[in-house]
Amino acid sequence: MKTPSLIHGLMAEFDDPTSLVTAAGRAHREGYRCMDAYSPFPIEELHEALGSHHTRLPLIVLVGGLCGCIGGYALQYWSSVIEYPLNIGGKPLHSWPAFIPVTFECTILAAALSCVLGMLALNGLPMPYHPVFNLPRFALASRNRFFLCIEATDPKFDLEATRRFLETLEPREVSTVAD
Amino acid sequence: MNSVADGLQPIDDSNARVTTGPTPVIAPGHTFGTVTDKISAIVLTRKTPIGWYAGFGTALMFTGLLLVSLTYLVTKGIGIWGNNIPVGWAFDITNFVWWIGIGHAGTLISAILLLLRQTWRTSINRFAEAMTLFAVSCAGIFPLFHTGRPWLGYWLFPYSNTMGLWPQFRSPLIWDVFAVSTYATVSLLFWFVGLIPDLATLRDRSQSPVGRFIYGMLAMGWRGSAHHWHRYETAYLLLAGLATPLVVSVHTVVSFDFAVSIVPGWHTTIFPPYFVAGAIYSGFAMVLTLAIPIRAIYNLEDFITMRHLQNMAKVMLVTGLIVAYGYLTEAFIAWYSGDKYEGFVPMNRMFGPYAVFYWALILCNVVIPQLLWFKKIRLSVASLFIIAIIVNVGMWLERFVIIVLSLHRDFLPSSWGMYSPTFWDWSTFLGTIGLFLSLLFLFLRFLPMISIFEMRTILPEAKVGDQ
Numbered sequence: 001m002k003t004p005s006l007i008h009g010l011m012a013e014f015d016d017p018t019s020l021v022t023a024a025g026r027a028h029r030e031g032y033r034c035m036d037a038y039s040p041f042p043i044e045e046l047h048e049a050l051g052s053h054h055t056r057l058p059l060i061v062l063v064g065g066l067c068g069c070i071g072g073y074a075l076q077y078w079s080s081v082i083e084y085p086l087n088i089g090g091k092p093l094h095s096w097p098a099f100i101p102v103t104f105e106c107t108i109l110a111a112a113l114s115c116v117l118g119m120l121a122l123n124g125l126p127m128p129y130h131p132v133f134n135l136p137r138f139a140l141a142s143r144n145r146f147f148l149c150i151e152a153t154d155p156k157f158d159l160e161a162t163r164r165f166l167e168t169l170e171p172r173e174v175s176t177v178a179d
Numbered sequence: 180m181n182s183v184a185d186g187l188q189p190i191d192d193s194n195a196r197v198t199t200g201p202t203p204v205i206a207p208g209h210t211f212g213t214v215t216d217k218i219s220a221i222v223l224t225r226k227t228p229i230g231w232y233a234g235f236g237t238a239l240m241f242t243g244l245l246l247v248s249l250t251y252l253v254t255k256g257i258g259i260w261g262n263n264i265p266v267g268w269a270f271d272i273t274n275f276v277w278w279i280g281i282g283h284a285g286t287l288i289s290a291i292l293l294l295l296r297q298t299w300r301t302s303i304n305r306f307a308e309a310m311t312l313f314a315v316s317c318a319g320i321f322p323l324f325h326t327g328r329p330w331l332g333y334w335l336f337p338y339s340n341t342m343g344l345w346p347q348f349r350s351p352l353i354w355d356v357f358a359v360s361t362y363a364t365v366s367l368l369f370w371f372v373g374l375i376p377d378l379a380t381l382r383d384r385s386q387s388p389v390g391r392f393i394y395g396m397l398a399m400g401w402r403g404s405a406h407h408w409h410r411y412e413t414a415y416l417l418l419a420g421l422a423t424p425l426v427v428s429v430h431t432v433v434s435f436d437f438a439v440s441i442v443p444g445w446h447t448t449i450f451p452p453y454f455v456a457g458a459i460y461s462g463f464a465m466v467l468t469l470a471i472p473i474r475a476i477y478n479l480e481d482f483i484t485m486r487h488l489q490n491m492a493k494v495m496l497v498t499g500l501i502v503a504y505g506y507l508t509e510a511f512i513a514w515y516s517g518d519k520y521e522g523f524v525p526m527n528r529m530f531g532p533y534a535v536f537y538w539a540l541i542l543c544n545v546v547i548p549q550l551l552w553f554k555k556i557r558l559s560v561a562s563l564f565i566i567a568i569i570v571n572v573g574m575w576l577e578r579f580v581i582i583v584l585s586l587h588r589d590f591l592p593s594s595w596g597m598y599s600p601t602f603w604d605w606s607t608f609l610g611t612i613g614l615f616l617s618l619l620f621l622f623l624r625f626l627p628m629i630s631i632f633e634m635r636t637i638l639p640e641a642k643v644g645d646q
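So the protein sequences, as listed, match chains D and A.
The opening position of the first sequence corresponds to residue 1 in my numbering, with each subsequent residue numbered one higher.
The opening position of the second sequence corresponds to residue 180 in my numbering, with each subsequent residue numbered one higher.
Don't take every hint at face value.
To be verified - In silico EDC-like cross-links for lysine to aspartate or glutamate, where the CA-CA straight-line distance does not exceed 16 angstroms:
{"id": "1", "chain 1": "D", "residue 1": "Lys156", "chain 2": "D", "residue 2": "Glu30"}
{"id": "2", "chain 1": "A", "residue 1": "Lys519", "chain 2": "D", "residue 2": "Glu45"}
{"id": "3", "chain 1": "A", "residue 1": "Lys642", "chain 2": "D", "residue 2": "Glu45"}
{"id": "4", "chain 1": "A", "residue 1": "Lys642", "chain 2": "D", "residue 2": "Glu30"}
{"id": "5", "chain 1": "A", "residue 1": "Lys519", "chain 2": "A", "residue 2": "Glu509"}
{"id": "6", "chain 1": "A", "residue 1": "Lys642", "chain 2": "D", "residue 2": "Asp16"}
{"id": "7", "chain 1": "A", "residue 1": "Lys217", "chain 2": "A", "residue 2": "Asp481"}
Said to hold, decoys possible - Listed next, with one range per pair, are the computed distances between beta-carbon atoms:
{"id": "8", "chain 1": "A", "residue 1": "Gln297", "chain 2": "D", "residue 2": "Leu62", "range": "22 to 32 angstroms"}
{"id": "9", "chain 1": "A", "residue 1": "Thr364", "chain 2": "D", "residue 2": "Arg172", "range": "35 to 45 angstroms"}
{"id": "10", "chain 1": "D", "residue 1": "Thr153", "chain 2": "A", "residue 2": "Trp334", "range": "48 to 58 angstroms"}
{"id": "11", "chain 1": "A", "residue 1": "Trp334", "chain 2": "D", "residue 2": "Val81", "range": "15 to 25 angstroms"}
{"id": "12", "chain 1": "A", "residue 1": "Phe602", "chain 2": "D", "residue 2": "Pro58", "range": "31 to 41 angstroms"}
{"id": "13", "chain 1": "A", "residue 1": "Gln297", "chain 2": "D", "residue 2": "Glu44", "range": "42 to 52 angstroms"}
These are calculated hints, taken from the structure and not from any lab test.
Computed from a predicted model, the values in this text were never measured in an experiment.
We put the CB at the ideal spot given by N, CA and C, even for glycine.
Please put together the full structure from these sequences, using the hints given.
Here it is as C-alpha cells:
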C-alpha cells in the first residue's frame, strides 16, 4: 500500500466491542496517548480503556441552570417591582410565590440549552471534515464495525512499529489514514 | 482487501443470538448489521409505498383545511367560532389541552423510562418524541389564534418595548407561555440529540449524493468517537433528568390556568396531579394508536413486540385509574365543601344539558379501559387499538367537560348560556389532526423512526466480555 506523505494515523478495524476495548486497553498500557476509538454505539468500558478523564459537562449544565434561575427571577423582580409596578388589590409587588413557575422554566431551559451546546462544543462539533472519513471502510463505524486509531501526533508513533503493534491485536485489518 | 461495497451489503454476522425470556424487547436473530439495515432501509428505500402517498395526501388535504380555517379566522375574527360569553373558552382550549397532553407520553417514554432503566422504551422513544413535537406544534396554534391578533403573539414574551409594558408575571397564562415554549424547545433538543448518531448512519449508508449531503450536514460530522460518546451519554442523561421535572411542570401549569381562577369546577387542588396523569394516559393512548398500524405496515413486529404493546396497555390502565380517582375526588370535594356553586357543578355535569358528554367520558375513560385487566385483551392487537382510540376520544371529552360545562353555568343563572361548535371549530380541529399526521408521515419517510444506535446497545452482542 502506498504511504501518503501526510498521515493522520493508523486505523485498526475490529469485529466486536470486546476486541476493541481489549485493544484500546493494551494500546494505552503500551504508552500510546493520542488515540481515539470509534464505535456504532456508546461503550462504557471504552472510555476508561483509553485512559480518558471525566467530562466537564455537568459543571457547564449546573452553571447554565443557575444563570437561568437567577436571570428568570431577576427579570420578574425587575419588571414587576421596579420597572412596571402594578398595585392589584394591595397585594405585594414582590409576590415571590407567583414568580416560581417562570423561574423554574427558565432554569430548565438554560440548563438544557447549555447541556446540548456544551456537549457539541466540547466534542468540537459541527465538524463536517475529519481525516478519518478519508478511509472508505470507516463508513462501517456507524453500522457494525469497531475502529481504533493511533494518531501520528503521538510521541510514540512510528509508522512501522505502530503498525506491527496494531497487527498483534488481531484486527480485521490495519489501514493508514491520510490527513 | 474488502471493498466498501462488500462491507455495505448485509453481512451474515449472526454469531450472536438473542436468548432472553419469553417476551423479548427485540426478536431473536438480530445483529448490529440487520438492525441498522432494517431501520435505515425504510428511509433510504427508492420505492416509497403507495400507502404512504395515500396517507400523506389525505393528511395534507386536512392541513389545507387548517390553512383555510385560519385564514378565514384572521380575516373575520374569532367570532367565526362558537365560543362567546359566558363560554369564552371552548374548542380552542379543549384542543390545546388535548394536544399538549398527548405530547406528554413522548417525554415520559424518553426521559422517565430512561432514568428508570426500562430498556423496552428503546424501540418506541424516537417516534413518541416526534409525536410530542408535532402535538405541541398543533397545541400552540390554538391559544395563539385565540388571542385574536396572532401577529402580536410576541407581546406575551418579556422584551423591552416603546410602550413601556411588561407581561403580568403573576398570571398563570404567562406561566403557560413559558412552560409550553420551554417544553417545545427542550423536546426538540432531546429529539435532535437522539437523532445525531442515526443521522450519521444514514449519511454513511445513503446512496444518493443529495441524501449524503443533507444527512451529513444534520449529523454535523458525528464519527462515533469514544470521547464523543462519553460526553454524549452524559448530555443525554442530564437532558433526561431535566426533562423529567419539566414534563410534570408543564401540565401542572396548564392546570393552573383553571385552578387559579375562582370558577366552580376549576378552583380545586386535585387539578395538577390529575391533569398530569390524564396527559400520560392520553399520550400512551396516542402512541398505541400510531404504533399499532405503523408496526404492521412497516413489518416492525421484531422491534415493537407484544411486550411493548402490553407495557403501554398497563401504563394506560394505571394512569386511567388515577384519572378515575380524580373524577371521584372532584365530585366528593364538591359535595364535601358544602359550597352551593361547587355542589351544583357535578349535578350539572351528570344531569344537565351536556350530560351525554359526561357519561360518554365516563364510559370511554373509566369503564372500557377496565378491559385491560385481562391478559387476553392486552395480547389482542385489534382490541388494544380500539381501546386506545376510545381513550383518545374520552380524554378529549374530559377537557370539553371541564372547560365548557364549568363556564356555561356559573354563579348567576341570568348569565347562563349554551355553547355549540360551528363548522370552523370543527374544521380547525380536524385541520390540526391533518397537520399532525402530515408531519408524522414526513418523519416516517425521511428520518429513522426507531433509534438505531440504541437498538444496537440492547443486543446481547453489545456486551463487552472478559478482556
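Lysine 642(A) paired with aspartate 16(D) [C-alpha distance capped at 16 angstroms]: holds, 9 angstroms
Is the straight-line distance between the alpha-carbon of lysine 156(D) and that of glutamate 30(D) 16 angstroms or less? Roughly 9 angstroms separates the two Cα atoms, so the pair holds.
CA of lysine 642(A) to CA of glutamate 45(D), is that 16 angstroms or under? Holds, at roughly 10 angstroms.
Just to be careful, I want the Cα atoms of lysine 217(A) and aspartate 481(A) compared with a cutoff of 16 angstroms; is the pair within it? This hinted pair holds, its Cα atoms lying about 10 angstroms apart.
Assess, step by step, whether the Cα of lysine 519(A) is no farther than 16 angstroms from the Cα of glutamate 509(A), and give holds or violated. Roughly 14 angstroms between the alpha carbons, so the hint for lysine 519(A) and glutamate 509(A) holds.
Given the hint of 22 to 32 angstroms, is the C-beta distance from glutamine 297(A) to leucine 62(D) inside that range or not? holds, 27 angstroms
If you check the beta carbons of glutamine 297(A) and glutamate 44(D), does the distance land in 42 to 52 angstroms? For glutamate 44(D) against glutamine 297(A), whose Cβ atoms are near 18 angstroms apart, the range 42 to 52 angstroms is violated.
Given pair status - glutamate 30(D), lysine 642(A), alpha carbons within 16 angstroms: violated, 25 angstroms
Pairwise beta carbon distance, threonine 153(D) to tryptophan 334(A), judged against the given window 48 to 58 angstroms: At roughly 55 angstroms between Cβ atoms, tryptophan 334(A) and threonine 153(D) fall inside 48 to 58 angstroms, so the hint holds.
Between the alpha carbons of lysine 519(A) and glutamate 45(D), is the straight-line distance 16 angstroms or under? violated, 66 angstroms
Range hint 31 to 41 angstroms (beta carbons of phenylalanine 602(A) and proline 58(D)) holds or violated: Since the Cβ atoms of phenylalanine 602(A) and proline 58(D) sit about 54 angstroms apart, the hinted range of 31 to 41 angstroms is violated.
Should the hint that threonine 364(A) and arginine 172(D) are 35 to 45 angstroms apart at their CB atoms be regarded as holding? Distance hint for threonine 364(A), arginine 172(D) holds at roughly 43 angstroms.
Figure legend: structure checked against the earlier numbered hints; hints not met, in rising order: 2, 4, 12 and 13.
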